[in-house]
Amino acid sequence: MAEITYLEAIREALFEEMERDPNVFMLGEDIGAFGGAFKVTEGLLAKFGESRVIDTPISEIGIVGAAAGAAHMGMRPVVEMQFIDFIANAYDMLTNYVATARYRAFLPTPMVVRGPSGGYVRGGPFHSQNPEAGFIHTPGLKVVYPSTAADAKGLMKAAIRDDDCVLFFEHKYLYRRIKGEMPAGDVVVPIGTARVAREGTDLSIITYAATVYKALEAAEQLEKEDGLSVEVVDLRSLAPLDDEAIVATVKKTNRVLIVHEDTRTGGIAGELTARISERCFEWLDAPVLRVTAHDVPLPYAPSLEDFVLPQTPDIVLAARRLAAY
Amino acid sequence: MARSTTQGGGRGTRTSAAAPPAVAAATDVALSRAQRLELYYWMRLTRSLEERLVNLYRQTKVVGGLFRSLGQEADAVGSAYALRQGDILSPLIRNLGSMLVKGATPVEILKQYMAKGDSPTRGRELNIHFGDTERGFIGQISPLGDMVPVMAGVTLSFRMRGEDRVGLVYVGDGATSTGAFHEGINFAAVQRCPLVVIIENNGYAYSTPTVKQSLVKQFADKAIGYGIPGETADGNDVIATYEATKRAVDRARRGEGTSIVELMTFRRKGHAEHDNQSYVPPGQIERWAAENDPLDRYVARLGQEGVAAEELAAIDARIQREIDEATDIAEQSGVPEPLDALVGVYADPPSEEPLWFREGKRAVVEKSERPSSWGTFDAPAKGAD
Ligand SMILES: Cc1ncc(C[n+]2csc(CCOP(=O)(O)OP(=O)(O)O)c2C)c(N)n1
Ligand SMILES: [Mg+2]
Chain A
1 MAEITYLEAI REALFEEMER DPNVFMLGED IGAFGGAFKV TEGLLAKFGE SRVIDTPISE
61 IGIVGAAAGA AHMGMRPVVE MQFIDFIANA YDMLTNYVAT ARYRAFLPTP MVVRGPSGGY
121 VRGGPFHSQN PEAGFIHTPG LKVVYPSTAA DAKGLMKAAI RDDDCVLFFE HKYLYRRIKG
181 EMPAGDVVVP IGTARVAREG TDLSIITYAA TVYKALEAAE QLEKEDGLSV EVVDLRSLAP
241 LDDEAIVATV KKTNRVLIVH EDTRTGGIAG ELTARISERC FEWLDAPVLR VTAHDVPLPY
301 APSLEDFVLP QTPDIVLAAR RLAAY
Chain B
1 MARSTTQGGG RGTRTSAAAP PAVAAATDVA LSRAQRLELY YWMRLTRSLE ERLVNLYRQT
61 KVVGGLFRSL GQEADAVGSA YALRQGDILS PLIRNLGSML VKGATPVEIL KQYMAKGDSP
121 TRGRELNIHF GDTERGFIGQ ISPLGDMVPV MAGVTLSFRM RGEDRVGLVY VGDGATSTGA
181 FHEGINFAAV QRCPLVVIIE NNGYAYSTPT VKQSLVKQFA DKAIGYGIPG ETADGNDVIA
241 TYEATKRAVD RARRGEGTSI VELMTFRRKG HAEHDNQSYV PPGQIERWAA ENDPLDRYVA
301 RLGQEGVAAE ELAAIDARIQ REIDEATDIA EQSGVPEPLD ALVGVYADPP SEEPLWFREG
361 KRAVVEKSER PSSWGTFDAP AKGAD
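Protein sequence lines, in the order shown, are assigned to chains A and B.
Sequential numbering of the first sequence, starting at 1, is according to my numbering.
Sequential numbering of the second sequence, starting at 1, is according to my numbering.
Be aware that a few hints might be false.
[Claimed, not checked] For each label pair, taking beta carbons as the anchor points, the in silico distance ranges come out as:
no.	chain 1	residue 1	chain 2	residue 2	range
1	B	K61	A	G49	39 to 47 Å
2	B	D275	A	V188	31 to 39 Å
3	B	A314	A	K39	41 to 49 Å
4	A	G266	B	I141	15 to 23 Å
5	A	V188	B	S278	30 to 38 Å
6	B	N276	A	D92	31 to 39 Å
7	A	R20	B	D296	48 to 56 Å
8	B	K361	A	Y325	17 to 25 Å
9	A	G49	B	Q277	17 to 25 Å
10	A	Y103	B	R254	50 to 58 Å
11	B	G153	A	D92	19 to 27 Å
12	B	L37	A	E50	44 to 52 Å
13	B	S48	A	A105	53 to 61 Å
[What the hints assert, rightly or not] Only some residues are given here: those of chain B computed to face chain A with a beta carbon under 10 Å:
no.	residue
14	G172
15	A175
16	Y206
17	P336
18	P338
[Said to hold, decoys possible] Pairs of lysine-lysine residues, derived as DSSO-like cross-links and limited to a Cα-Cα distance of at most 27 Å, are as follows:
no.	chain 1	residue 1	chain 2	residue 2
19	A	K157	A	K39
20	A	K251	A	K224
21	B	K212	A	K39
22	A	K179	A	K39
23	B	K61	A	K39
24	A	K179	A	K47
25	A	K179	A	K224
26	A	K179	A	K157
27	A	K47	B	K212
28	B	K222	B	K212
29	B	K269	A	K39
30	A	K224	A	K252
Simulated from the structure, these hints should not be mistaken for laboratory data.
Backbone N, C-alpha and C define an ideal beta-carbon position, used for all residues, glycine too.
Assemble the whole structure, with the sequences as input and the hints as a guide.
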């Protein structure tokens, strides 16, 4: 079977889910004839028509709120943020309205908010963000952030079929750089399950999204240069977290490095560290370490962006520190 | 021109002494010949500078995207020209011209686009996202509509302090659909803020035509909903743009609060340089270029008013010289020093520390001080650490 890109995998999932379920429809800015800023929804309008692929005004609050209302009525809207940075505009709708709907009003809100996320692309402070932490902190929202093409497809299917609101972060650096073969048939990747991206025994790197590839690169180098066997765990789902997989890798290697592209303070690494401490402190041979972005808005110039974001050599250095502990 | 004005709605009085106006005080006073040539200069500079940026973009010297205002130079320049010194505007992505009028320089624009270390934002922000409150422009951020409430607050401060100053904010047809636009303009209206909201109706928001953005016939009609004056003008006629904006600016300065001015124009280039505009009906771009180019129209008008072609050619030559010089300077600048990324998130502490895995790197705040006036930062490029 031919390989397709991460971006095409997302598109395939959208196609298949729209074909499977007439309640699934798309909302977003420039997603129709134009196919979206990154062309994720290209071809959907031609196939499914204007009533199911809706070009909206530039109104993130309106789009997300309307999706919630339609979802209450049994529709399954998929909302595109042109860049995930603009999800901030809909923060009230998502955190106050959508996240609480089931709990306070017994209203199901099966909807997906998806969009291009992340940096390493010289996008500057408003086209590079990783705003997942604020939503992970909000009970009632699910958050996924795949790194492989197959996971992107399988998680999108799961997100659309989920009976709650799922925020689906797509890493724009991976859109066309990452390819993979799609499994045959209608394969759904369950939300809340992590994936071991590389098996290892000496130490574990827990990460997700674009930094999975930096971790794998570092693991390769550490194996060659240091003879270290590094396990890489790709979380895939950030809410809910796969505690079992996290505990399993800690028990296996006893040393953990957490890597994320998001800024440090309040990033998910803190939550992971606390969970590890609570559940398997006695299995640790070293303190849990983090490699993250610096706590600054993401600057635009290459030299600045490269400095702020975590890079492969940072992971190598941290892993060596951990192995030697 | 000292005056004492009672705010509409009986919100107290404002007394202020104004500086003499930089341009003609009333719209019935014609612009002088020198001023008309100045308008030409700013419009041509806008276009030629963007053409230079296209060259640099093709040489991959521009970091990130390039945004054009081709065919919209009159709306940015004519509206900004209706302000005087001390007034503050906030531009959008098609308003390079307004920033030039307010004193932004070609070398700053070029350094910004090339993400140089001594660019106005020191490589932190993109393209024309920068400002200088001294010169009178506040930089936009990407999230559309956000500058409307911000400018409501800027102009609120003018009113609160009894200053004879006016603010102006640009939004596109697309940006009028945001919550921030609505909340900001309504706030400004209710508070009688001396604010002019320019809605640049250029037919499209990225690929989305205005019919999918709003059902109002004219965006100026939105003014009714806010209880403020609204006017639509020909945005490709620099004089008409100037006059319509001037009327709104004068109202604001008289204490009559907020207005909408809708400027009709057309976005002849893609949303950004990468966009091939496949969604625009065939012939439309060509028609606007052939029949309604703001520079062509203005050149014809100046000709009728007796300005010789040689005089305009001399201005063009001067502009080319200025852009060449600016390009040379901008190209020589260095890239930002990586550690500068950590400076200035807060007033205190002045710098973040490098994270532990960047061993050997130390905070650079001692040698990388923040400028006292951020927008005018003009220190020499720093070498590598
Ligand atoms: C809140 C928000 N949503 C989406 C975007 C992405 N975006 C950037 S420019 C643009 C179109 C803007 O159109 P318009 O306001 O008409 O300005 P124009 O480009 O035509 O000058 C969009 C959708 C954004 N910047 N901000
Ligand atoms: Mg527009």
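Status of each hint after checking the structure:
1. Roughly 44 Å separates the CB atoms of B/K61 and A/G49, a value that falls within the hinted 39 to 47 Å.
2. Between B/D275 and A/V188 the beta carbon distance is about 35 Å. The supplied range of 31 to 39 Å therefore holds.
3. Here the CB-CB span from B/A314 to A/K39 is close to 47 Å, well matched to the stated 41 to 49 Å.
4. At roughly 22 Å, the beta-carbon separation of A/G266 and B/I141 lies within the given 15 to 23 Å, and the hint holds.
5. Between A/V188 and B/S278 the C-beta distance comes to about 35 Å, which sits within the given range of 30 to 38 Å.
6. Look at B/N276 against A/D92: about 36 Å separates their beta carbons, and that is inside 31 to 39 Å.
7. Roughly 54 Å separates the CB atoms of A/R20 and B/D296, a value that falls within the hinted 48 to 56 Å.
8. The supplied range of 17 to 25 Å is met by B/K361 and A/Y325, whose beta-carbon atoms lie about 22 Å from each other.
9. Distance hint check for A/G49 and B/Q277: the Cβ-Cβ separation is about 23 Å, which falls inside the suggested range of 17 to 25 Å.
10. Between A/Y103 and B/R254 the beta carbons are some 53 Å apart, a value that agrees with the proposed interval 50 to 58 Å.
11. Between B/G153 and A/D92 the CB atoms are about 20 Å apart, so this pair conforms to the stated range of 19 to 27 Å.
12. For B/L37 paired with A/E50, a C-beta distance near 50 Å keeps the hint of 44 to 52 Å intact.
13. At roughly 59 Å, the beta-carbon separation of B/S48 and A/A105 lies within the given 53 to 61 Å, and the hint holds.
14. Hint status for B/G172: holds, given a least beta-carbon distance of 9 Å to chain A, under 10 Å.
15. With a least beta-carbon distance of about 6 Å to chain A, the hint placing B/A175 at the interface is held under the 10 Å criterion.
16. Contact between B/Y206 and chain A, as hinted, is supported at the beta carbon level, the nearest pair being about 5 Å apart and thus within 10 Å.
17. The closest approach between the C-beta of B/P336 and any C-beta of chain A is roughly 5 Å, which is under the 10 Å cut-off, so the hint is satisfied.
18. The closest approach between the C-beta of B/P338 and any C-beta of chain A is roughly 4 Å, which is under the 10 Å cut-off, so the hint is satisfied.
19. A hinted pair counts as satisfied when its Cα atoms are at most 27 Å apart, and A/K157 with A/K39 qualifies at roughly 19 Å.
20. A C-alpha spacing of about 24 Å is found between A/K251 and A/K224, which places the hinted pair at or below 27 Å, so the restraint holds.
21. A C-alpha spacing of about 19 Å is found between B/K212 and A/K39, which places the hinted pair at or below 27 Å, so the restraint holds.
22. Taking the CA atoms of A/K179 and A/K39, the gap is near 16 Å; set against the 27 Å cutoff, the hint holds.
23. Distance check on the hinted pair: B/K61 and A/K39 sit about 26 Å apart at the alpha-carbon level, within 27 Å; holds.
24. Our distance criterion of 27 Å between C-alpha atoms is met by A/K179 and A/K47, whose separation comes to about 24 Å.
25. For a cut-off of 27 Å, the pair hint linking A/K179 to A/K224 stands: about 25 Å separates their Cα positions.
26. The hinted pair formed by A/K179 and A/K157 meets the criterion: a straight-line CA distance of about 18 Å does not exceed 27 Å.
27. Distance check on the hinted pair: A/K47 and B/K212 sit about 20 Å apart at the alpha-carbon level, within 27 Å; holds.
28. For a cut-off of 27 Å, the pair hint linking B/K222 to B/K212 stands: about 16 Å separates their Cα positions.
29. Between B/K269 and A/K39, the direct Cα distance comes to roughly 19 Å. Compliance with the 27 Å bound is thereby established for this hinted pair.
30. Between A/K224 and A/K252 the alpha-carbon distance is near 21 Å, which keeps this suggested pair within the 27 Å criterion.
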